[in-house]
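Undergrad: The chain contents come next:
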Amino acid sequence: MRFEELDDLYHATILEHRRHPRNSDRLEDPDITADGVNPFCGDEIHIQIALDSEGRVSRVGLQGVGCAINQATGSMLSDAIQGKTLDEVAALSRSFNDLMTGGPHSDGLGELTTLESVRQFPIRIKCALLAWSALDEGIEDYAPARSR
Amino acid sequence: MRFEELDDLYHATILEHRRHPRNSDRLEDPDITADGVNPFCGDEIHIQIALDSEGRVSRVGLQGVGCAINQATGSMLSDAIQGKTLDEVAALSRSFNDLMTGGPHSDGLGELTTLESVRQFPIRIKCALLAWSALDEGIEDYAPARSR
Amino acid sequence: MLDSGKIREDFPILSKKVYGKPLVWLDNAATSQKPRSVIQSLVDYYEGYNANVHRGVHALSIESTDAFELARQKVADFIHADAAESIVWTRNTTEAINLVANTWARDNIGAGDEILLTPMEHHSNLVPWQKVAQENGARLKFIPMHEDGTLDLENIDAIFGPRTKLLAIVHVSNSMGTINPVKELAARAHAVGAMVLVDGAQSVPHMPVDVNDLDCDFLAFSGHKMLGPTGIGVLYAKRDVLEEMDPFLRGGEMVLEVWYDRATWNALPMRFEAGTPNIADAIGLGAAVDYLQALGMENVRQHEVELTGYGLKRFEELDEVVVYGPQNPDVRGGAILFNAADIHPHDLGTIMDRQGIAIRTGHHCTMPLMRTLGVAATARASFYVYNTTQEVDTLVDGLKEALEYFAHEVRGA
Amino acid sequence: MLDSGKIREDFPILSKKVYGKPLVWLDNAATSQKPRSVIQSLVDYYEGYNANVHRGVHALSIESTDAFELARQKVADFIHADAAESIVWTRNTTEAINLVANTWARDNIGAGDEILLTPMEHHSNLVPWQKVAQENGARLKFIPMHEDGTLDLENIDAIFGPRTKLLAIVHVSNSMGTINPVKELAARAHAVGAMVLVDGAQSVPHMPVDVNDLDCDFLAFSGHKMLGPTGIGVLYAKRDVLEEMDPFLRGGEMVLEVWYDRATWNALPMRFEAGTPNIADAIGLGAAVDYLQALGMENVRQHEVELTGYGLKRFEELDEVVVYGPQNPDVRGGAILFNAADIHPHDLGTIMDRQGIAIRTGHHCTMPLMRTLGVAATARASFYVYNTTQEVDTLVDGLKEALEYFAHEVRGA
Ligand SMILES: Cc1ncc(COP(=O)(O)O)c(C=O)c1O
Ligand SMILES: Cc1ncc(COP(=O)(O)O)c(C=O)c1O
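Chains as they are written, first to last, in the working numbering: chain A, 1 to 148; chain B, 149 to 296; chain C, 297 to 709; chain D, 710 to 1122.
Calculated directly from the structure, the hints in this document are not laboratory data.
Keep in mind that a hint or two might mislead.
[As the list claims (entries may be wrong)] Which chain B residues face chain C? A few, computed with CB under 8 Å, are given here: (1) LEU154; (2) PHE188; (3) CYS189; (4) GLY190; (5) GLY214; (6) CYS215; (7) ALA216; (8) PHE269; (9) ARG272; (10) ILE273; (11) TYR290.
[Stated by the list, open to error] Each computed EDC-like pair below joins lysine to aspartate or glutamate, with the alpha-carbon atoms no more than 20 Å apart: (12) LYS725/D / GLU359/C; (13) LYS726/D / GLU343/C; (14) LYS725/D / ASP373/C; (15) LYS427/C / GLU756/D; (16) LYS312/C / GLU756/D.
We treat Cβ as the ideally placed atom computed from N, Cα and C, and that holds for glycine.
Looking at chain A on its own, in the form it has when it is part of the complex (with noise of 0.2 Å):
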């Protein structure tokens, strides 16, 4: 059997990411959580965020079950957010979004930039998809009582 067109989607970075995802670990005191569940795939993420001193992300916990694709996705966005401010974090989400749109998109979106090929299979988007709204809705929540 060839699965050449199947490569692009389950590129090696995606594979790799998926057996080893990165900052698994639960954050105990985070100032931002957020989580997501896609009921019809039973797919969940649970993230949790702190800032330092100046709003910038300083570290990271991103936990899920799912999809090749969902687990990839979340194991990256908690590399790339690392150091961003919660705009510039919102502005990768975006970006990330637009990627998947088919829109332009910035170039600072590094690895994550292997899951373009998600394109060529429309139903599995939402999976890739599902750690950035989460992570959307989570800043969304902490902008309000971060302004309080």
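Starting from the structure of chain A, add chains B, C and D with the ligands where the hints point.
TA: Frame of chain A, contents of chains B, C and D with the ligands only:
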């Protein structure tokens, strides 16, 4: 336009009965009353029967609204049951039902036999049966009262 | 405006003969015929990409889901709805109205509240409200009607009040053709805080309908009356109204998460679509909408105004025939309701049938209206895009002969 | 027993290619494919005799009514129902169950009463009862289940009691294939005066089902899972039960007489069919029943026992794959539920899809069961009359390669 195929359904005898329904005066003190409605057609039939001392039909009143078939059948019925015992009326009703369903039927139906043509118009058979099923029910309701 | 001759070629059934005579289909208010493109869309689905929708990762499921949701978008565009989420698939108009009766109405209409209707409602927009009234202690109230079948709005201010919770009104009467001033009445209803449900079974197929212009909260219609397959209908509802409503039917597809003792609901509009939907026929309705859009709904309307005007004029030749409903074709739909003085509608129906002419006879699912008109039954001829003035002639000539036929009684077997 | 090779020729879609590979349709528990005769029955209807049923006097209406009612009789005969009046058309299994929940159950289940279910119910036979329980103050109770997905009936005497009012049970589990001893449980239920509803969505299409033998009060199933069109389903109910039930949806067709303030109901089964029915698809389901009857349901069952037995055996070659449900093909239906140790079902689904193999992945509308099995999602291959042992081989070989593929991670773009 050629209506020949309709000439059986709208046989002269049938149209004549429809135009001049027999026994249409309402009886004031009937022994038996029977009413039938077919809401889908808006058809109605109301029958009153007076019995003589021997239990034979002595007078009939029959009023109704509805199509030619329904009206004509009612009119013929009101003639045909005169002088009969209730058992004979019930037998006549069975015989008419047989005529409509294409079964073997006795030949005591007289004029009613002209309605045999209705069988070529199956959707109209219920029009011919309305008066008879009302009559059947009226007799059934009367029977227990009689045996009390 | 429409080239009916050309249109007819798209409808295979119209070349059929009945008792050796060409079929003249004038029973469109009951159900319409279907163009080849709609029939073919069903064949294409079953031969090419039949699969259950929404939860499959395989190719056919993705293809069927896309086509199914595209059909929803087509229907949304057709009635100018803002979003496809406002379109809930049902079996027919009747189920759409029952959905609202069993959800929004059940939860929002209380004792002493009023549901406002018209005397010309189809049973499907009357009997569901009788149940709500009975169970919730509400009252049905009817807008008065003139003899010509138009609403009597003289005392309209007295009709709407603080207890009015719902106006449920037929847009175009399936019996008399009356077009009701739904937009104006909806504004009145909203002014007293009432909701508005429009029975669009006879308007959506026949004229441009814009839910934003009407500003109705609910609109119900049936696919089978607008060139689409049987088994598919639509409930349109404003998004925020739908969002607040409890689900109706429950089961697969409409849930988000389920535990043994409880469940949460899926997003709109799936929340209101329990179980495997009627996928093929939804796609078929999409094809019907394509067909109507290509004709142009203004043209469809214009065609029917012309046919109805012509028909009403020709009916004047028939002395013994009474026509019900408004007489001006510009303010009525394409249905002519009538009675021949001396011939019962069913006899008329049978005689027409033997000439290949299909008309409807009886109460047209408006029994109370029949009583109000003082008749037990009536006959109805109703038009659509493929009907022609020649067919109207066939009908009127056929009626003439029927009248003559019944006038002569001395015939023998 | 069945000649699947010959059968396949009757199904146009089966000659389709997906990504250049022959379609291997193993998603039959979600929906089945359709033979040419069923598709043609729809074309024949729309091209030949499309008309609204039951109230027309014209030729087409009579023809469509006859075909529509003949289809009902065919379905009645198929499940050995005594009378066609026991067959109510619905959209699908889900609507059929909701009909009972909103009528019989709403009126007959009271506070403290118990509704007995199993842990393997499809959402459609669970969520409607949650609503009844909540609104009427009743309790849902679940028959315990063994690890292998069969019911644990050891303490069965303690399970049925005087408060048991309804047993609502899936005949064949759509997830695990378990065949439940419905007949025995129905007898128990009746012994305590409870009613019995059987979810036959996965039994009626796949094996002989006799409602009199099962002695169930209600049986629900879907046309689209048994070679029929989408949009048509069936509620069977015992005649005397149906006779006592209040109507569900209200409107045209289900009424006898209507006044402005009240209505009376039509005869069975129309009383439960409001509005224009899905005429074409009911006739299509009749054609599907003809097709299945010609094959013989005993043969259909035998074919699936063989395929499932073969499949379960071949699955044993896959070390890293867990199969759920009972292992003996004689006591289970034709669905194999499984998980590959290290590959998420959705990744598996995508990999199979690219080989042309359609399997289903996820929770199969049995989320609570998935939790009981301790998994978030699973994969399922399910069989029908046109599937072959070669297709089972394609599936198992494909799974092998997928497992190998995921085992090697060092690949680059
Ligand atoms: C066991 C079972 N019950 C109920 C259903 C629901 O069927 P439908 O979606 O046709 O209503 C299904 C199918 O999905 C099923 O497999
Ligand atoms: C005005 C109107 N409302 C409701 C209906 C009911 O439509 P359906 O039978 O498709 O539910 C009809 C059609 O019969 C109608 O003409």
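Undergrad: For each hint, tell me whether it holds in the structure or not.
TA: Results for each hint:
no.	hint	verdict
1	LEU154	holds (6 Å)
2	PHE188	holds (6 Å)
3	CYS189	holds (6 Å)
4	GLY190	holds (3 Å)
5	GLY214	holds (6 Å)
6	CYS215	holds (4 Å)
7	ALA216	holds (5 Å)
8	PHE269	holds (6 Å)
9	ARG272	holds (6 Å)
10	ILE273	violated (12 Å)
11	TYR290	violated (28 Å)
12	LYS725/D / GLU359/C	holds (14 Å)
13	LYS726/D / GLU343/C	holds (12 Å)
14	LYS725/D / ASP373/C	violated (32 Å)
15	LYS427/C / GLU756/D	violated (39 Å)
16	LYS312/C / GLU756/D	holds (9 Å)
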